[in-house]
Amino acid sequence: MKVYIRSAGNISPQHSLDKELFLGHRIAQGGSRMTALEPDYTHFVDAKMIRRMSRIVKMGVAAAMECLRAGGIQMPEAIITGTAYGCLEDTGIFLRRMIDNKEELLSPTAFIQSTHNTVGAQIALLLKCHGYNNTIVHRGFSFENALMDARLLLQEGADNILTGAVDEITADSHAILSRFGIYKKEMHGPGIPEDQKKGTVAGEGASFFLLTHQAQGALAEIRHLETIYKPKHFGDVENRIQQLLLESSLTIDDVDLVITGHNGDPAHDEIDIYLSDTIFRNKTTFPFKQLSGEYPTASGFALWLTSGLIGGQKAPEWFPAIPLPLKHILICNHDLNAHHALYLISAC
Amino acid sequence: MQTMNELMDQLKRQIIERLNLKDHTPKDIGDDAPLFVEGLGLDSIDALELIVLLQQEYNIKLSRAEDGPKVFHSVRTMAEYITEHSPEKTTA
Chain E
1 MKVYIRSAGN ISPQHSLDKE LFLGHRIAQG GSRMTALEPD YTHFVDAKMI RRMSRIVKMG
61 VAAAMECLRA GGIQMPEAII TGTAYGCLED TGIFLRRMID NKEELLSPTA FIQSTHNTVG
121 AQIALLLKCH GYNNTIVHRG FSFENALMDA RLLLQEGADN ILTGAVDEIT ADSHAILSRF
181 GIYKKEMHGP GIPEDQKKGT VAGEGASFFL LTHQAQGALA EIRHLETIYK PKHFGDVENR
241 IQQLLLESSL TIDDVDLVIT GHNGDPAHDE IDIYLSDTIF RNKTTFPFKQ LSGEYPTASG
301 FALWLTSGLI GGQKAPEWFP AIPLPLKHIL ICNHDLNAHH ALYLISAC
Chain A
1 MQTMNELMDQ LKRQIIERLN LKDHTPKDIG DDAPLFVEGL GLDSIDALEL IVLLQQEYNI
61 KLSRAEDGPK VFHSVRTMAE YITEHSPEKT TA
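So the sequences go chain by chain: E and A.
For the first sequence, the numbering used here begins at 1 and goes up steadily by one.
For the second sequence, the numbering used here begins at 1 and goes up steadily by one.
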């Protein structure tokens, strides 16, 4: 079963919604948190509906609408959303009001909109899409499992599956996760600091893809997708990469570029160092989280970047030198070194 | 003591803030204009927010659900309901 990406839409800490720009102007955000650059949402959603939407809902809806517009499809057959954190902003609002009101009064709108499936639901409401609608919540594998769900639907004969990854970082969640030591404590310059100190840089974003079994006009093919949870040894990941390539009748020499999930936390990046010394030795690699920051569905950004590179057969001027035409890109991401995901993306 | 006009103006500001009607000012909301469907075009989720607003801001619980359409018909009907049921009486 072949799965192709017909089109993509993305909102991130970069100007990624502008397809023509395609990261031409790289945005360098400092600190321990990268914030998504948001467009004027009235271009995507009726002003009356925007008033109830939190940031993540607006980001998800706008990315989905841009994806549909780029794909020339008005009505997808299904909508599948992957998110780990869900709608944190609304969750924080209704919990805070419950406390303020001594647990006697709920804030209805924030409560209703706080559930993880709000983004997928709002997209369906806007489109009046009565098809399959599912939200997958599975930490660092949320997006990968959404893609697997989409693949199963495509196998059953459906087409044009709108599949996305959305996660936001709020002031509250950043403060809480910082207490767990997930994010760096010191303020930093742009990108992912290599300071050998604990923690990474928080990120957020929304990515949507229109998946199809038709190769014609598609940006790229998702040739292989594999997940590995907490590998015992770094060699396990290396072996899985070798196996994945073998199953596609390829070797590492056929891979033009490796997009890695290196996140600047020395505790998490040992795997990247190991792979760069072994299987990725002599390969051009690009750590994508310097653009997006770290979040559980960040592989959505990596897939957007990859499909843009392969689909457009060009890279921004500042990007590492890569051979053209691009045939195969390997995404080797991990969320906090627990959830590892491998994608083999090929030109159509 | 608050007059009816002052109460209605206060209600308009609270409705705009509570329902996040960013494009509206109190002047845009007529005293007798319908709040639901026509006029502001509010819906059932907004009705829940208005019930919470009454309870939170005026300490008034809507005792009978069937009174909702009448009470929330317009800013004036809301203000009249608040006046009738509030321990703090307003002047005409």
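These are calculated hints, taken from the structure and not from any lab test.
There may be inaccurate statements among the hints.
As the list claims (entries may be wrong) - Listed next, the in silico BS3-like pairs over lysine-lysine satisfying Cα-Cα at most 27 angstroms (straight line):
id	chain 1	residue 1	chain 2	residue 2
1	E	Lys19	E	Lys128
2	A	Lys70	E	Lys48
3	E	Lys185	E	Lys230
4	A	Lys61	E	Lys102
5	A	Lys22	E	Lys48
6	A	Lys27	E	Lys48
7	A	Lys22	E	Lys128
To see whether the hints hold, each was checked on the structure:
Distance restraint check for Lys19/E and Lys128/E: the Cα-Cα separation of roughly 26 angstroms lies within the 27 angstroms cut-off, and the hinted pair is therefore satisfied. Proximity of Lys70/A to Lys48/E is assessed by CA-CA distance (about 24 angstroms); at most 27 angstroms being required, the pair is judged to hold. The hinted pair formed by Lys185/E and Lys230/E meets the criterion: a straight-line CA distance of about 25 angstroms does not exceed 27 angstroms. Restraint check for Lys61/A and Lys102/E: the C-alpha separation of about 16 angstroms stays at or below 27 angstroms, so the hint holds.
Pair hint Lys22/A plus Lys48/E holds up; C-alpha atoms about 10 angstroms apart against a cutoff of 27 angstroms. With a C-alpha separation of about 18 angstroms, the suggested pairing of Lys27/A with Lys48/E holds against the 27 angstroms cut-off. Restraint check for Lys22/A and Lys128/E: the C-alpha separation of about 25 angstroms stays at or below 27 angstroms, so the hint holds.
Every hint from the earlier list agrees with this structure, and none is contradicted.
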